[in-house]
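Throw the hints in and build the complete structure from the sequences for me.
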Amino acid sequence: MLEVQAITKKFGDLVANDSVSLEVSKGEIHALLGENGAGKSTLVKMLYGSLQPDGGEILWHGKPIEIPSPSQARSTGIGMVFQHFSLFDSLSVAENIALSLGKENDIRDIGEKARQVSEEYGLPLQPDTIIGDMSVGERQRVEIVRCLLQDPELIILDEPTSVLTPQEADALFETLERLRSEGRSILYISHRLDEVQKMCDHATILRHGKVVGECTPADETAASLANLMVGADVGDVTRTGRGEVTGEALLELHNVNQEAASPFAMELTDINLSVRAGEVVGVAGVAGNGQSEFFDVLSGETTSSDNASVRYNGHECGSMGITARRRLGGAFVAEERLGHSAVPDLSLSENLILARHGSDSKSFLGMGPLGVIQNGVIKSVTKRICEEMDVRKSGEDPDASALSGGNLQKFIMGRELDRKPSILVVNQPTWGVDAGAAQKIRQAVIDLARAGSAVVVISQDLDEIMEISDRIAVMSDGHLSKPEDAESITREEIGLKMGGLHDG
Amino acid sequence: MRIELERRAAHSVVFSALSPFIALGLTLVAGIILFSALGLNPATALFTYFIEPLTEVWSLHELIIKATPLILIAVGLSVCFSSGNWNIGAEGQLVMGAIAGSILPILFPDQAGFWVLPLMLVMAMAGGAGWAAIPAYLKNRFGANEILTSLMLVYVAQLFLDWLVRGHWRNPAGYNFPESRTYTDGQILPEMFSSGPAHYGALLALIAVIIAWFMMGKTIKGFQVKVIGQAPRAGRFAGFSARKMTLAAFLISGALAGLAGISEVAGAIQQLRPVVSPGYGFAAIIVAFLGRLNPLGVMAAGLILALSYLGGEAAQISLGISDKVGRVFQGVLLFFVLASDTLIHYRIKFISSRKHA
Numbered sequence: 067m068l069e070v071q072a073i074t075k076k077f078g079d080l081v082a083n084d085s086v087s088l089e090v091s092k093g094e095i096h097a098l099l100g101e102n103g104a105g106k107s108t109l110v111k112m113l114y115g116s117l118q119p120d121g122g123e124i125l126w127h128g129k130p131i132e133i134p135s136p137s138q139a140r141s142t143g144i145g146m147v148f149q150h151f152s153l154f155d156s157l158s159v160a161e162n163i164a165l166s167l168g169k170e171n172d173i174r175d176i177g178e179k180a181r182q183v184s185e186e187y188g189l190p191l192q193p194d195t196i197i198g199d200m201s202v203g204e205r206q207r208v209e210i211v212r213c214l215l216q217d218p219e220l221i222i223l224d225e226p227t228s229v230l231t232p233q234e235a236d237a238l239f240e241t242l243e244r245l246r247s248e249g250r251s252i253l254y255i256s257h258r259l260d261e262v263q264k265m266c267d268h269a270t271i272l273r274h275g276k277v278v279g280e281c282t283p284a285d286e287t288a289a290s291l292a293n294l295m296v297g298a299d300v301g302d303v304t305r306t307g308r309g310e311v312t313g314e315a316l317l318e319l320h321n322v323n324q325e326a327a328s329p330f331a332m333e334l335t336d337i338n339l340s341v342r343a344g345e346v347v348g349v350a351g352v353a354g355n356g357q358s359e360f361f362d363v364l365s366g367e368t369t370s371s372d373n374a375s376v377r378y379n380g381h382e383c384g385s386m387g388i389t390a391r392r393r394l395g396g397a398f399v400a401e402e403r404l405g406h407s408a409v410p411d412l413s414l415s416e417n418l419i420l421a422r423h424g425s426d427s428k429s430f431l432g433m434g435p436l437g438v439i440q441n442g443v444i445k446s447v448t449k450r451i452c453e454e455m456d457v458r459k460s461g462e463d464p465d466a467s468a469l470s471g472g473n474l475q476k477f478i479m480g481r482e483l484d485r486k487p488s489i490l491v492v493n494q495p496t497w498g499v500d501a502g503a504a505q506k507i508r509q510a511v512i513d514l515a516r517a518g519s520a521v522v523v524i525s526q527d528l529d530e531i532m533e534i535s536d537r538i539a540v541m542s543d544g545h546l547s548k549p550e551d552a553e554s555i556t557r558e559e560i561g562l563k564m565g566g567l568h569d570g
Numbered sequence: 031m032r033i034e035l036e037r038r039a040a041h042s043v044v045f046s047a048l049s050p051f052i053a054l055g056l057t058l059v060a061g062i063i064l065f066s067a068l069g070l071n072p073a074t075a076l077f078t079y080f081i082e083p084l085t086e087v088w089s090l091h092e093l094i095i096k097a098t099p100l101i102l103i104a105v106g107l108s109v110c111f112s113s114g115n116w117n118i119g120a121e122g123q124l125v126m127g128a129i130a131g132s133i134l135p136i137l138f139p140d141q142a143g144f145w146v147l148p149l150m151l152v153m154a155m156a157g158g159a160g161w162a163a164i165p166a167y168l169k170n171r172f173g174a175n176e177i178l179t180s181l182m183l184v185y186v187a188q189l190f191l192d193w194l195v196r197g198h199w200r201n202p203a204g205y206n207f208p209e210s211r212t213y214t215d216g217q218i219l220p221e222m223f224s225s226g227p228a229h230y231g232a233l234l235a236l237i238a239v240i241i242a243w244f245m246m247g248k249t250i251k252g253f254q255v256k257v258i259g260q261a262p263r264a265g266r267f268a269g270f271s272a273r274k275m276t277l278a279a280f281l282i283s284g285a286l287a288g289l290a291g292i293s294e295v296a297g298a299i300q301q302l303r304p305v306v307s308p309g310y311g312f313a314a315i316i317v318a319f320l321g322r323l324n325p326l327g328v329m330a331a332g333l334i335l336a337l338s339y340l341g342g343e344a345a346q347i348s349l350g351i352s353d354k355v356g357r358v359f360q361g362v363l364l365f366f367v368l369a370s371d372t373l374i375h376y377r378i379k380f381i382s383s384r385k386h387a
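Listed in order, the protein sequences are those of chains A and B.
Under this note's numbering, think of the first position of the first sequence as 67, with each following residue one higher.
Under this note's numbering, think of the first position of the second sequence as 31, with each following residue one higher.
What the hints contain is simulated information worked out from the structure, not anything from laboratory work.
Any given hint might turn out to be false.
[To be verified] With a cut-off of at most 30 Å between alpha-carbon atoms, the simulated DSBU-like pairs for lysine-lysine come out as follows:
no., chain 1, residue 1, chain 2, residue 2
1, B, Lys248, A, Lys428
2, B, Lys379, A, Lys76
3, A, Lys449, B, Lys379
4, A, Lys449, B, Lys248
5, A, Lys428, B, Lys379
6, A, Lys179, A, Lys111
7, B, Lys274, A, Lys445
8, B, Lys251, A, Lys459
9, B, Lys379, A, Lys111
Quick look at the structure:
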């Protein structure tokens, strides 16, 4: 029914989809598997008309079509349920649905139709309910019902179960079965191997923008699927310079529990971790499994009511904010460079103050309570960092946004390493960074650990985790697995844990 | 066809600096068209508007008097806007400042001493800050949109003042006019020069400009304002609290609006009336943006806008055109300022939608 032939999409130098081909036949549930950044979202956005391909063709019932916009996609017969819902909180179910259907429909008819459809598919809904009062699972039903009212032949579901409770997920699976029995096709995006095995008739696996495999999930084992997804074909990196780590524990987490701050945030459950002086602990996992929440808990951007749940160098600091934790020796590099670790429109020297105004207040700020910024000192430290990390830039002190991703990341790493922190937490150290800079950053992380600091590296890049970690833990669904020795753990084991199969 | 704004990869430093001047130039062009359409000679009209008020001593005094509240308020707003908080209710905070500052001269008219005037100023600042604290609290506690709440509180404050001067605070010896008693010497901001009525409120505005310039440009506090305004997530990473910043930004801008209120009442008007401001609190929004949210720029912009008030009055008298034309000028100016700023960062893109069967 739908056929994608050698479709390609580039963003600048990055090839997000490299001649990807895919075929979905009538009445099947087709899984699209892959790690984050593998190109799944880019592909479905092209199918739904939010992005335009740079090359290749989309065939619909055998005929080539163009999909210039989502509304065109809908009238063609392609519907999509996004991971992040597009509903107005203050409007009712019927009003939200009416908005997407256009003017010619009477809102009362829509309410009645929505009720019928929702009952028919086992997705009970009251059309007058205000979206803001609904649970996440119910909101998803609204999205699905809205999609079904347009009578689509192909429904794209983007990580539908990531926001659902297990019971809600089971109900969703029943609905999907029903849709399949009616002859509708479903393109199901997920990284949860058990779901894919249970539900899907076919699977296409993407890795680094390319199709690396196609299979019938029922014929495969979870391990072989995980293999394809994380790419065990890439040979293991040889690790050097690793010895027995016997240092004392510098960073300790004890039964950390954190409720989800928003419907799309992940809840953290019973996280325990102890990182000793001299070691790098790598945290692997597919994005959206609690990594950014975990980072916030470690850095103190999210504080806990239990002060004893986090310890830095033996000091309890669970309730302390990020500045206090920096003063205890912590240093942090967030996943987003622009807008989180650095302010785009501020200069490098100003971005130096951003992270170190507290820990270096003695040398950076003057005149007591006035807090006058000491420009001379800050400029010279900025210069030192840029030389140390080989930051390539135009001009003496350019805006952060003027640097390339790799150079800015080197500066941000250098800003933290320059303090010689006893604890370093890095989220995605080399995301979108060129190979040379990535190597420099990884080396710097290892060197810091060898000099006696405790380092946590959160990364979705398994190659990177394997290369630099002494011990490896996996984050999945808000749980952190027990760290295991990097020498003995295999990619298959990591892949299974990433897919949520802790016992596999 | 649809029109989209596409972010430019880099923005031109030259045009960023030039943008207020480009906006002024375009406003003048719009003025020429406007006056021509009204059947006036644009050259005479623009001369009356922008040059004549600068040629006489008394009108220079008027210029300072009009610029004082604009600059005081706009300095506070420039800090507030830089932090990403949108206080649109400075007019109401001005009114509440004028009321709070007038408690002493109206309810305790017999109190005299060197401390009376300073205390009036402090109470006015507290009044303005207190009124501004309401939208800040509502934003922090309930996530209420501060643009709406601060704007709506303007009308509450104006009606409260109206009620006071027609009721309890009406001058007992004032023949039932809706006015308070007039203030006496120790309660009035003295004149600065013998040549005219410009009072010491102008000095307060100058001090506010200098303090704000120092704070925003040189200290960690000003840095905090910039970071939270530009990138809230990075502000959290730096350990700055956005909630505290919202409160502080509203308190500062409210206090300065309150100070502007008392400097009007104790300087130029010397009593409370149902209306104490011709919309300074709103015009100051234009001043803040025209001054590029920079305290020194705000001072220049305040003088330019004060000139447009004076020019409006002059044009009304000598050319007989409505004072609404002055408002139109201010609106046109703000429009061009914001448009130039937007076009520095974005380019306009026309997208044709192809129809498919």
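Exercise for review: Against the earlier hints, flag every one the structure doesn't satisfy and list their numbers going up.
Suggested key: Of the numbered hints, 3, 5 do not hold.
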